[in-house]
Amino acid sequence: MTFALDHIGFDIGGVRVIDDVCLTFEAASLNVLLGPTLAGKTTIMRLMAGLDQPSTGRLLLEGKDVTGTPVRKRSVAMVYQQFINYPSFTVYENIASPLRVAGVAKAEIDQRVREAARVLRLDNLLNRMPAELSGGQQQRTAIARALVKRAGLVLLDEPLANLDYKLREELREELPRIFSRTGAILMYATTEPSEALLLGGSTITLSEGRVTQFGPTSTVYRDPIDIDAARVFSDPPLNELQVARQDGAIRDRRGRSLDCVGMLSDRPDGAYRVTFRADAASIGPAATGALSFPGKVVVTEISGSESFIHVDVGVGTWVCLVSGVHDWAPGQTATVNIDPARILVFDASGRRVQANALREAAL
Amino acid sequence: MRNGTLPKIVFIVYVLILMTPIYWLVKMSLQTNTDIMSGLTLFPRHPTLEKYFEIYNDPTWVHAFGVSLSYVAINTVIAVAVALPAAYAFNRYRFIGDKHLFFWLLTNLMAPAAVFAMPFFQLYYAVGLFDSIWAVVLAHCLFNVPLAVWILEGFVGGVPREIDETAAIDGYSFPRFFILIFLPLIANGIGVTAFFCFMFSWVEQLLATTLTSTHALPFAAVMTRAYSVSGMDWSLLAAAGVLTMIPGAFVIWFVRNHIAKGFALGRV
Numbered sequence: 001m002t003f004a005l006d007h008i009g010f011d012i013g014g015v016r017v018i019d020d021v022c023l024t025f026e027a028a029s030l031n032v033l034l035g036p037t038l039a040g041k042t043t044i045m046r047l048m049a050g051l052d053q054p055s056t057g058r059l060l061l062e063g064k065d066v067t068g069t070p071v072r073k074r075s076v077a078m079v080y081q082q083f084i085n086y087p088s089f090t091v092y093e094n095i096a097s098p099l100r101v102a103g104v105a106k107a108e109i110d111q112r113v114r115e116a117a118r119v120l121r122l123d124n125l126l127n128r129m130p131a132e133l134s135g136g137q138q139q140r141t142a143i144a145r146a147l148v149k150r151a152g153l154v155l156l157d158e159p160l161a162n163l164d165y166k167l168r169e170e171l172r173e174e175l176p177r178i179f180s181r182t183g184a185i186l187m188y189a190t191t192e193p194s195e196a197l198l199l200g201g202s203t204i205t206l207s208e209g210r211v212t213q214f215g216p217t218s219t220v221y222r223d224p225i226d227i228d229a230a231r232v233f234s235d236p237p238l239n240e241l242q243v244a245r246q247d248g249a250i251r252d253r254r255g256r257s258l259d260c261v262g263m264l265s266d267r268p269d270g271a272y273r274v275t276f277r278a279d280a281a282s283i284g285p286a287a288t289g290a291l292s293f294p295g296k297v298v299v300t301e302i303s304g305s306e307s308f309i310h311v312d313v314g315v316g317t318w319v320c321l322v323s324g325v326h327d328w329a330p331g332q333t334a335t336v337n338i339d340p341a342r343i344l345v346f347d348a349s350g351r352r353v354q355a356n357a358l359r360e361a362a363l
Numbered sequence: 001m002r003n004g005t006l007p008k009i010v011f012i013v014y015v016l017i018l019m020t021p022i023y024w025l026v027k028m029s030l031q032t033n034t035d036i037m038s039g040l041t042l043f044p045r046h047p048t049l050e051k052y053f054e055i056y057n058d059p060t061w062v063h064a065f066g067v068s069l070s071y072v073a074i075n076t077v078i079a080v081a082v083a084l085p086a087a088y089a090f091n092r093y094r095f096i097g098d099k100h101l102f103f104w105l106l107t108n109l110m111a112p113a114a115v116f117a118m119p120f121f122q123l124y125y126a127v128g129l130f131d132s133i134w135a136v137v138l139a140h141c142l143f144n145v146p147l148a149v150w151i152l153e154g155f156v157g158g159v160p161r162e163i164d165e166t167a168a169i170d171g172y173s174f175p176r177f178f179i180l181i182f183l184p185l186i187a188n189g190i191g192v193t194a195f196f197c198f199m200f201s202w203v204e205q206l207l208a209t210t211l212t213s214t215h216a217l218p219f220a221a222v223m224t225r226a227y228s229v230s231g232m233d234w235s236l237l238a239a240a241g242v243l244t245m246i247p248g249a250f251v252i253w254f255v256r257n258h259i260a261k262g263f264a265l266g267r268v
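Going line by line, the protein sequences match chains A and B. Residue numbering for the first sequence follows UniProt numbering, beginning at 1 and increasing consecutively. Residue numbering for the second sequence follows UniProt numbering, beginning at 1 and increasing consecutively.
Chain B with its partners taken away, still in its complex shape (with noise of 0.2 Å):
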């Protein structure tokens, strides 16, 4: 059966029904809501881009994109930059309670986010940080650090700790070490980790609605607009669906090479 019929026909079948849901929000946002409405069609009958110029246009709809984007990137820059050294600590030193540590960073990821909601909301009242960037990116951090303490240290265990005494004895300090010698070697790991910090905070969207209301209002708060008296527009509804799918799309196609390499070496 090696390069038979069958296989190619699963093959196929299987990659037709990963894509239908992908393809048919495509489809909506291509269509007018009256084509949408009149019944079932497998191509948008007079396919349109009128809905991604509507957005396009709206100040409201590209600063809201704008704030989903940069609290997303802040936040994975922090998560990535606090968690190499805790990994690398981790990993190479013992200290008192360094496994109870570990373990209790894990512990943040196992209650739901909507949990630390409510403290989170009366906390940044409490000190002026609602309705900023800054609420979500430090919120995020909550899961975000965590997790990439936990990817990153295993891919600092897959370093020969001799290639940090190598550099110790050849007379390398420890920022220059860390720099120059330490990072290219688990350049796949902080690649693997910041994926996963881009993803979780990208689509995590209870926290980013909650702390915030007007000036960091998100991408997909802003989407709730599409709920009028008038009705529900559909097609602007999928317009900016496909929108939100294209930053995800760049990430996994600029990482993809680590990604395979990285799930190889690491723990994950």
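So that you can see chain A by itself, here it is in the shape it has in the complex (with noise of 0.2 Å):
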């Protein structure tokens, strides 16, 4: 099953919030659709489901225009970041509830609901009613009744969003899993880029409403196309450097002149934006062959055996990511040497300088 959007635009209130997205899904695939708040991840979803109609454009399932089918009619499941169940029905019934409404006899209702409380680990559960349960069994009870309706497209956006750490990683691990058995086209909504590496499978990564990129997660995030490919793929947020190419020469606002013309070395002279993420960059003393920017100590944020540095470089704020747990106090030097092999570059436009051939030679 192939399942397309095709030039899909959607308007509310005359604001367009989604704007011609094209994307083509194969079945049994992994798509973590990626973007801060307010991307316009959920609308997708939405249009894709069939809920809300696309203002322009077609969604085509196998090449076959289905934009006016009522959702009643798709086969397609959806689970809401808020858990949604129906509250005047037992777990057991939340879950057979599109089996029932499809009219399945009752020995294949019963083997399939149970068979999906199983693979979710509700087995003993099955009598409770949805408010009697914690928020991570409402939401496998969710989960358990998108899967067991077979539906060629399931759509999770941002699922486990409102649960706690240790359920998020339990779940994240087998969500892929337990719907990639079914060969359905998985679209996984999140707005965190870290999800997307750990689901892996392809990423779209959404921004205002347009698709930036659309590619296996890994080239995604190592390659992205645009600056706003990578500034959504990027958490703690893309540290940027605005620089000019001036006379072969590169310099950044201050005028202080880098040594980075390689990069730049077949591109006209012009503005540019030299990005690198947070874990691209290391602190200590000047190295060879990296770019070195003295600048004082910010703030330290240490999350486990990772610190977060952020230093003030004069011409901006950095974040760093250096492993072990470090205290550094706030306006203490430092000097942050950042990887050139990591360093992604774009026009004044947003567009990527490729840089390919020269990472190569770096790597």
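It should be emphasised that the hints constitute simulated quantities derived from the structure, not laboratory data. These numbers were taken from a predicted model, which means no experiment stands behind them. Every residue gets a Cβ at the ideal spot worked out from N, C-alpha and C, and that includes glycine. Some hints here could point you the wrong way.
[Stated by the list, open to error] Label pairs and their in silico Cβ distance ranges: (1) B/Ala187 x A/Arg177: 38 to 46 Å; (2) B/Arg161 x A/Asp164: 23 to 31 Å; (3) B/Ala187 x A/Thr56: 40 to 48 Å; (4) A/Ala28 x B/Leu183: 38 to 46 Å; (5) B/Ala187 x A/Ser134: 23 to 31 Å; (6) B/Gly248 x A/Asp19: 58 to 66 Å.
[To be verified] With the C-beta cut set under 8 Å, the calculated list includes, among others, these residues of chain B facing chain A: (7) Pro160; (8) Glu162; (9) Thr166; (10) Ile169; (11) Gly171; (12) Ser173.
Hey, can you piece these two chains together into the complex? The hints should help.
And the structure:
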């Protein structure tokens, strides 16, 4: 089964919230829809489900136009960020609900419900009411209902966002496995780049209602085609430096000459943005072959075995990821060394300046 | 002062003040007319159920009681049944003039019922509805339906839209979803709404008496029979008064849990 969005656009009150989205999904694929809050993830999922009608464009199932098909007649399942179940039904009836409506035989319903309940570890909760469950159990019930339907298109809208950390890790690991067996097109919306990387599959980066990139997750992460895709796929935020190339020299806004001419050697003069992720920078004495920026520590965030050091380098504040627990005091001087091989350069319009050849040479 | 005597005294005095008129009515209904007229007593000197039997044995009273209960019950059912889809639509859909229409419903509650008595009288007389249960049922819908829509809309809004959508994704047809999934979720709201419709219709007398003459005379109208050439039958009037309170008391008793929950959840 292939499912395609063909130039889908969507307006709310005259404002274009989804702009010209073209995507094609293959059966048994895992697709991560990655974008910040309000980027339009939920809207795209609602359009795909048929809950909203696109203002322009078509939805194609196996090449056939299904844009006008009512949601009731589509082979689709959806799990919301909020735990949505039928409060007046038991867990069993909640899971069985799509099968009951479809008129599946009683014995088969029972078998499929128990199978789904086993996979999602709800076996001994089947007679409870949703209100008597914990948040995680409620969401697992909703996921079981999506699973039992064996829909061709499964939409998970930030399904783990409201769950606690431990449960999230468990479910995140299980979810793709559970659904891959059904051969469904799985769409998973998230705001977190790390979640996309952990899930794998393909990633769609979404920025202000526009798809910026669609490809294998690792490729999108390593080779964002524009600055929006890179920003969406960076947490902590992408570190950016405005530079200008003039007469063969590259200078930042303060006029300091930078040792990265090679990256822009075949480029015309003009404004560029040199960017890098937190883990592409280290802190320490100026290293050879690295771009070094002296600065002052602004704040240190410790997250377990890693520390995020925010450093003010005069042309902006950057975040560097340092392994181990460090306790740099604010105001302390620190030198940020950027690994040139992991720099992403974009032109003034935000388009990626392909430095692939150079990158590979550096690696 | 927690659990002190003063709060207890205040509470008892409060309840006494509330109960006094009701007690007085019940007391009078158990007295004879001579007993009532012969001076102030706190308790009936010769308690008797005579007047209750008089009402029970008089077909006019019994018929009127049945008429009152019928039009109130039918009105409640119609008002809730009509208001449910309307409340759902007002909450879930955007359509041209939706907000104005919603407000316009409320304007029906702003005018006193007496204003509508005359036009209803003339209209029903013309179409032959005059002096029937349906005359009162339809007249009471005028203010009960908007009230019901208004109360229910708040309860509909308390149900997440995502439940509707999940049901659609699961393949439920709209009627099946509405009856099987949606109605149980707003059961409290329906209870509260039915309660209000019942009470409004039960205590409304002006339209009920204006639009009926003999066949469909409501209970309260029959109470005028207590005035006669031989004077006022105080005892009979009191007994009839006690009887009018009974259905309301029953309704409150049955929906008391829903109302407590309903008031917390909904808009009212």
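These are the hints, each one checked on the structure:
no.	hint	in the structure
1	B/Ala187 x A/Arg177: 38 to 46 Å	holds (40 Å)
2	B/Arg161 x A/Asp164: 23 to 31 Å	holds (26 Å)
3	B/Ala187 x A/Thr56: 40 to 48 Å	holds (42 Å)
4	A/Ala28 x B/Leu183: 38 to 46 Å	holds (39 Å)
5	B/Ala187 x A/Ser134: 23 to 31 Å	holds (25 Å)
6	B/Gly248 x A/Asp19: 58 to 66 Å	holds (60 Å)
7	Pro160	holds (7 Å)
8	Glu162	holds (5 Å)
9	Thr166	holds (5 Å)
10	Ile169	holds (5 Å)
11	Gly171	holds (4 Å)
12	Ser173	holds (7 Å)
Checked against the numbered hints above, the structure breaks none of them.
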